[in-house]
Structure formats: C-alpha cells, structure tokens
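Asker: Taking the hints into account, I'd like the entire structure generated from these sequences.
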Amino acid sequence: MTHDAYRHVLQYFCGITILSCSAYKQFWPRAKTLLDNFVSEFSNYYGRAHMISNIHNLQHVAEEVEIINAPAVSHFSLQVFVDGLPLHKSGLTQLWPILVKVQELKRAPVQIIGFFSKPENVEDYLRPLVDEMNKLQQHGLKFVDNIVSVSINIIIADSPARAFVKGTTGFNGKHGCTKCTCVGVYLHEEHKVVFESINAAPRTDADFRNRTCKEHHKGIRTPLEDLRNFNMVKNVVVGDRLHLIDLGVTRQIFRGILDHKYNNFMRWSPRQKDAVSKYLTQIKFPSEIH
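Just so you know, we're using this note's numbering here: the sequence shown kicks off at 1 and counts up by one.
These are computed hints drawn from the structure, not numbers from a lab. Since we're looking at a predicted model, the values are computed, not measured. Worth double-checking, as some hints may not be accurate.
[Stated by the list, open to error] Computed cross-link-like contacts, BS3-like style, restricted to lysine-lysine with a CA-CA straight-line distance of at most 25 Å: (1) LYS135 x LYS101; (2) LYS174 x LYS261; (3) LYS234 x LYS101; (4) LYS234 x LYS179; (5) LYS118 x LYS101; (6) LYS174 x LYS192; (7) LYS273 x LYS261; (8) LYS135 x LYS234; (9) LYS218 x LYS118; (10) LYS261 x LYS278; (11) LYS106 x LYS234; (12) LYS89 x LYS118; (13) LYS273 x LYS284; (14) LYS234 x LYS214; (15) LYS218 x LYS174; (16) LYS179 x LYS218.
[Claimed, not checked] Quick list of simulated restraints, FRET-style, between CB atoms: (17) GLN111 x ILE147: 17 to 23 Å; (18) GLN138 x GLN111: 17 to 23 Å; (19) ASN146 x THR93: 38 to 44 Å; (20) GLU41 x LEU92: 51 to 57 Å; (21) PRO202 x ILE253: 24 to 30 Å; (22) VAL238 x GLN111: 22 to 28 Å; (23) VAL238 x LYS106: 19 to 25 Å; (24) SER269 x ASP131: 58 to 64 Å; (25) THR33 x PRO202: 53 to 59 Å; (26) CYS14 x GLN138: 36 to 42 Å.
The beta carbon of each residue, even a glycine, is placed where N, CA and C say it ideally should be.
Answerer: Structure, rendered in structure tokens:
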C-alpha cells in the first residue's frame with residue numbers, strides 16, 4: 001500500500017471512529033470532512049466499478065448521526081406491526097414478521113425484530129416480545145451514552161391479525177369491534193354482519209381484562225395482557241392508513257362504484273371506466289415509488 005492509499009483509508013477509519021461516540025461530538029464536523037474526502041477519492045484507488053451504494057452513503061452518515069443525537073431523547077415509543085405474509089398466491093405457507101419503528105427517531109428505518117412461520121397460537125408468537133419488553137421497561141436501553149426508557153406505544157395490524165394477537169372475536173363477529181361495545185347485526189340475505197350503532201359505550205382496558213363482555217373474547221389470554229404500561233384497547237389501533245383507508249374504505253368504495261353495488265350511484269359505462277383508468281395511469285408517482 002502506498003503512502004497516499006494508506007492516508008486515504010485512514011480517513012475512513014478515523015471518520016467512523018469519531019462519529020461512533022458522542023464524547024467526540026466536537027470533532028464531528030472534521031469526521032464529515034474525512035468521510036467526504038474518502039468517498040470523493042475512492043474511485044482513484046479502487047476503480048469506478050466498486051463505487052457501490054455503501055460507499056456513496058458514507059457521505060450521509062455524519063448528518064444522520066447529528067439528527068439522531070440532536071434531541072435529548074429520554075424515552076423511546078415503539079410502533080409494532082404484525083401481519084401474515086403469504087409466500088405465494090396458491091399456497092397456505094405464510095411468514096409472520098414482527099416489525100418495529102421508533103417514533104422518536106424520525107429517519108430511522110423500520111426494523112425486523114422477530115420472524116416466524118404462521119403461528120399456531122398467540123402465546124408462542126408474542127411471549128418472547130412481551131418478556132423482552134418488560135425487561136427493557138425495568139432496566140432501560142443503552143442508547144449512545146444514555147439509558148432511555150422504552151415502551152410499546154401502538155400495535156398496528158389488519159383486522160384478522162388484530163383479533164389474533166388480542167385473543168378476541170374476529171372482525172366479522174357480532175361482538176368483533178375492538179373499540180366499542182356495539183353489537184353487530186347479521187343480514188341473512190347478504191350473509192354478513194353490519195355495525196350500525198355510533199353511540200355504543202367504549203371498551204376500556206379494565207373491562208377487557210375483567211372479561212366484562214364475554215362474547216368479545218375467545219377462551220385464551222394473550223401475552224399482551226402481561227405487558228407493562230399497555231392499554232389493551234387504546235394501544236391496539238384500528239386507524240392505520242394502509243388497512244383502514246388505502247386497502248379498506250377507499251378500495252371498498254371504488255369497487256362498489258365500479259361493480260354497481262351502491263344504488264345511489266349511477267352505473268359507469270365502459271367508456272367512463274376507460275376514461276378514469278387512462279387518467280389514473282397518467283399520474284406520475286414520486287421517484288421513490290417503483
């Protein structure tokens with residue numbers, strides 16, 4: 001290795017070492033300069049073909065370290081997402097990952113913290129998560145040079161997964177609403193349950209744990225009931241955009257209009273459908289959407 005090549009690679013190791021600890025915060029601007037120089041000179045020593053994304057992204061490390069360490073974070077609120085993912089359309093094989101997003105770290109990516117085949121019961125699926133979270137709530141989590149408290153703020157899931165993790169009646173059951181005590185009505189001609197009440201009494205965490213409405217529960221207790229500082233009603237949300245809006249109400253409305261399921265809407269002609277489709281396909285999406 002020549003002296004220049006050695007100097008070049010030393011910039012990399014010095015830069016990431018300085019950025020790895022907040023004790024060196026006063027030298028972070030210098031670390032950014034070192035990494036910028038390393039990236040800009042990289043092809044001179046290793047060739048353009050090796051200038052892959054990992055190398056390119058080194059120039060963004062310093063600004064992300066500054067963003068993450070800017071606030072004096074003392075608590076992490078976790079958003080947990082659970083759902084089943086079929087491996088192919090024609091089979092029953094599913095994967096059930098558990099994903100986590102730290103609400104206070106706006107630019108931090110979603111993390112996979114658990115990976116399961118289709119669980120046979122909620123105990124095996126959630127018990128490791130609940131035990132680990134209780135330990136973190138008791139002892140805290142070391143983040144950089146600080147000890148921060150941790151809690152699960154919300155659990156996000158579609159309707160079937162939500163009923164599974166809570167051990168409750170499915171969304172299509174008469175007592176399936178997880179937020180209020182509305183009792184659904186079964187329509188024999190339509191073969192479906194509808195929920196018409198908007199003034200039903202809300203469910204509470206105490207009512208849930210005491211099984212006040214027995215019809216709402218299955219004969220099991222979910223590990224979530226052992227999770228500290230967790231509200232079984234409020235902290236399991238139903239208002240996530242993907243399932244409630246994009247793939248829920250919005251799709252239902254548009255499919256109903258196209259298939260003429262709503263009596264108050266005129267049937268669209270093939271010409272009208274083609275015109276709407278043509279307009280939608282001409283919309284340019286942001287570059288992040290492929």
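Asker: Decide, hint by hint, whether the structure agrees.
Answerer: Each hint tested on the structure:
1. LYS135 x LYS101: holds, 19 Å
2. LYS174 x LYS261: This hinted pair holds, its Cα atoms lying about 23 Å apart.
3. LYS234 x LYS101: holds, 18 Å
4. LYS234 x LYS179: Judged against 25 Å, a Cα distance of about 8 Å means the pair holds.
5. LYS118 x LYS101: Roughly 22 Å between the alpha carbons, so the hint for LYS118 and LYS101 holds.
6. LYS174 x LYS192: Given that 25 Å is the threshold and the Cα spacing comes to 10 Å, the pair holds.
7. LYS273 x LYS261: holds, 15 Å
8. LYS135 x LYS234: holds, 22 Å
9. LYS218 x LYS118: Judged against 25 Å, a Cα distance of about 19 Å means the pair holds.
10. LYS261 x LYS278: Holds, at roughly 23 Å.
11. LYS106 x LYS234: This hinted pair holds, its Cα atoms lying about 23 Å apart.
12. LYS89 x LYS118: holds, 15 Å
13. LYS273 x LYS284: holds, 20 Å
14. LYS234 x LYS214: holds, 19 Å
15. LYS218 x LYS174: holds, 13 Å
16. LYS179 x LYS218: holds, 16 Å
17. GLN111 x ILE147: 17 to 23 Å: holds, 20 Å
18. GLN138 x GLN111: 17 to 23 Å: Roughly 21 Å apart at Cβ, these two residues keep to the hinted range, so it holds.
19. ASN146 x THR93: 38 to 44 Å: The hint (38 to 44 Å, Cβ to Cβ) holds, given that ASN146 and THR93 are roughly 42 Å apart.
20. GLU41 x LEU92: 51 to 57 Å: At roughly 54 Å between Cβ atoms, LEU92 and GLU41 fall inside 51 to 57 Å, so the hint holds.
21. PRO202 x ILE253: 24 to 30 Å: holds, 26 Å
22. VAL238 x GLN111: 22 to 28 Å: holds, 23 Å
23. VAL238 x LYS106: 19 to 25 Å: holds, 24 Å
24. SER269 x ASP131: 58 to 64 Å: holds, 59 Å
25. THR33 x PRO202: 53 to 59 Å: holds, 56 Å
26. CYS14 x GLN138: 36 to 42 Å: holds, 38 Å
When each numbered hint is compared with the structure, no violation occurs for any of them.
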